[in-house]
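**Student:** Below are the chains, spelled out letter by letter.
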Amino acid sequence: MTQPDMRALFLEELTRISPDIDPADVSDSDHLQDDLELDSMDILNLVTALHQRLGVSISEADYPKIATPGFAVSYLSDAAGSG
Amino acid sequence: MGLFVMPSLGSDMESGTLVEWLVAPGDTVARGDAVAVVETQKGAIEIECFEAGTVQELKAQPGTVLPVGAPMAVILAAGDAAPETDALPEPEQEPQPLSKPEPAAEPAAAPARDTTVPAAAAGAVAGAIKASPAARARAAELGLDLGTLAGSGPGGAVVLADVVPGGARDIGEPASRLDEMRKAISAAMTHSKRTIPHFYLSQTMDVQATLDMLAVRNAGVPPAERVLLGAVLLRMAALAVQKTGTLNGHFTDGVFRPAEQVNPSLAVALRGGGLVAPALADVPAMTLDEMMFAMPDMVSRARAGRLRSSEMTRGTITVSSLGETSGEVMAGVIFPPQVALIGIGAPQMRPWVIAGGVVPRTVITVTLAADHRVSGGREAARFLSQFEVLVSQPEVL
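So the protein lines, in turn, are chains S and B.
Whatever position you read off the first sequence (first residue = 1), add 145 for our numbering.
Whatever position you read off the second sequence (first residue = 1), add 1 for our numbering.
Just so you know, these hints were derived from the structure itself, not from any lab.
There could be a bad hint or two in this list.
No farther apart than 20 angstroms at their CA atoms in a straight line, the calculated lysine to any residue pairs in the SDA-like style are these [stated by the list, open to error]:
hint, chain 1, residue 1, chain 2, residue 2
1, S, Lys210, B, Gly221
2, B, Lys244, B, Pro395
3, S, Lys210, B, Pro395
Computed from a predicted structure; not experimentally measured.
Excised from the complex, chain B in its bound form (with noise of 0.2 angstroms):
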């Protein structure tokens, strides 16, 4: 593997800041291993290595800010040479660690090349002020001048953080670690917003049948075995998004490329406000126990803050379910790169007709939100369609 960088962990992310090492020179580590803990505007997340080799040198201070793509560490693979490395990588040499552990994870990191390069190497086109993307876009969405901005990261390039209206931001008053994760949301939903065409289509849904399966199964269970609705559904979903291609994937450079796995990020509100959304690895490939045993594992670590790099990049669509007591319907913004979002509103007791009877029933309201430039109507409704069969015949999971 040689050399290792900081990696993009979304295409909002510039940098992070190393926490801690959770290795030493010498250990010999495994793909998947967390190699490095690192503080990002979404929290602190484990670094995982993509493959097996020996640390032979740890290039970076623990709390030192490192722009993505910055060496921090050098571990070699059997029979690997120690490689150069006093410059910068390549801007298109960083995403390649995250492109190795699987194929759909290739796409997540492609975006970086587009928004995330490192501020250093983005303001070296043609001259301009030093700005990451980022920066760019954000100072003219508020009408500021960059020059009028003192930037900084690397070399001063200003970055999206130096971007506040009144000019220099006051570096002696670190913004919490909520305002960072807004902004962090707003820079990624307002470039969404900006760059893909969203349509929705919503449907009402009986869920009584799965409701009442579950029941059954868990009545006859210590808590510990019980399964929760949103599992099930979350299932569902991915297995509902399986058979209908143009949702899952990811947008990049102008193309739609479609993901093999069906890896669903979780929409997870952290008390006290904010949002992650990391994902799970081949729903459809998972059992409902495993689920029950990865979900609520996922979901402690992202309220603790202790993700891992792959939960954050390996996402190929996003579910968000507003759980049992929030809002019936939920149109949400996609996240890109990805191309559609599964907004599951809180079950509600309603009159439904059956068989020409009207009979209370608990109903969800499923709403889809995808990306004209990849899917249409069609493709949705089948989606829909899918998820619909499945809630009413929740046996076939």
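Isolated chain S (complex conformation) (with noise of 0.2 angstroms):
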């Protein structure tokens, strides 16, 4: 999956998430929680989706990995690529 197929993947499961989001004002340096107002049971259900539909596990300890899309494109990039 090419780098902008995957941010567009998880821009998609982020306003799932949060419809009230307009995937075209989020920045790829946007904090999910200070910037977003993601709260915790948002971070799980949207870390929960990805699973699902890429069969990566983020453990807890690597939340701060995809603290922004710009790092949870290069995270989930490497993790799906290396499988």
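Please assemble the complex out of the two chains, which come individually in their own frames, going by the hints.
**Tutor:** Following this line, the structure appears as structure tokens:
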């Protein structure tokens, strides 16, 4: 999967969990909790959705590595690529 | 069951707008089935029916604003005869559909008699200006003469929404949902602060043992099976409440009625503003896995504006958890007719003294707001100490 495809997938799941976020307004450096106002339950829902979609199980210890859409896309591309 | 009426979904609710029917004449319904969607100040609520039966007739049309107690449908139980339905039922009858499902819900329905009688019935008192109690209270608060306000309720009664400085509101410009919700919160919280003598007791406690237990548990499982700190703390709060009788229940008609179940209302902040507090049922009887299904489900429906009527009425105490990034301490406002609210602050890393040495530990500050008509410092202290025992020994869950 290319990085733009992964970014689109990530934003799709993000906006499914938080429908009032406009994907066009999300920048790669937005912090999921501080800027996009996701709470711990939203983060868990997002991680669960990404696991179902990509088969990538993001551990709690790795949550800082998906703190922004930019970080998340890199992390998910690496993890999905290495299979 | 017979006549199915617009239920009261909180002491501040005066009316609701029927959005859609989820049943049709001839359908059979079971207790707890959602039969209609009603738009309230707190968003769209699925109205559940409380007895099994057959839908005989839908009396209200979608789009209609119906005061609490107004007939909506005729639902007959086996062997029921069709009731006489032309007149509004007596106010004393309206809470009954709410009071049937379970003992804990009974007090929740009771305050409707005090504060949320249909505007038309309230206006009948001694030939006075027709106005709902909430509207009277607000008008007095704002120093407005009820006689100068244009009423939009049944029979021209002045209802809460009519009471705005400057007199007649601009009917052509409906307030946004957030404005409506803010009004509902304002009415309930003003009522609370005026009538409930609050007192507060706080304790900071070490939650490291609970966090460590969760880290181990969650490390070995896929995301769908992980448990959040918020669910654990909610369950611990409910267990601690269960051991402290005078915090759980409702204060109505000058009497405290303890509830048999602990049904904690969760304060859910909505994005863009606003707050709703739907309740889970009997949390002490739930497993953590059950809570991890029920909590996200209810929170997502709260945000989508699709809660159920039982969730709006069954709460016996409120838990407001500030999450992981916001404030450290919250002394909250009790949600009437409840008598206590538990504020759980965001976890903080702090120097902590254990066995004579200073170590970094994650702590939370739990603040109980309680009703002094019902409880005192001793009960509040007992609750906090029970809570602290549980967070220090999370394995008991």
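**Student:** What hint numbers does the structure not satisfy?
**Tutor:** 3
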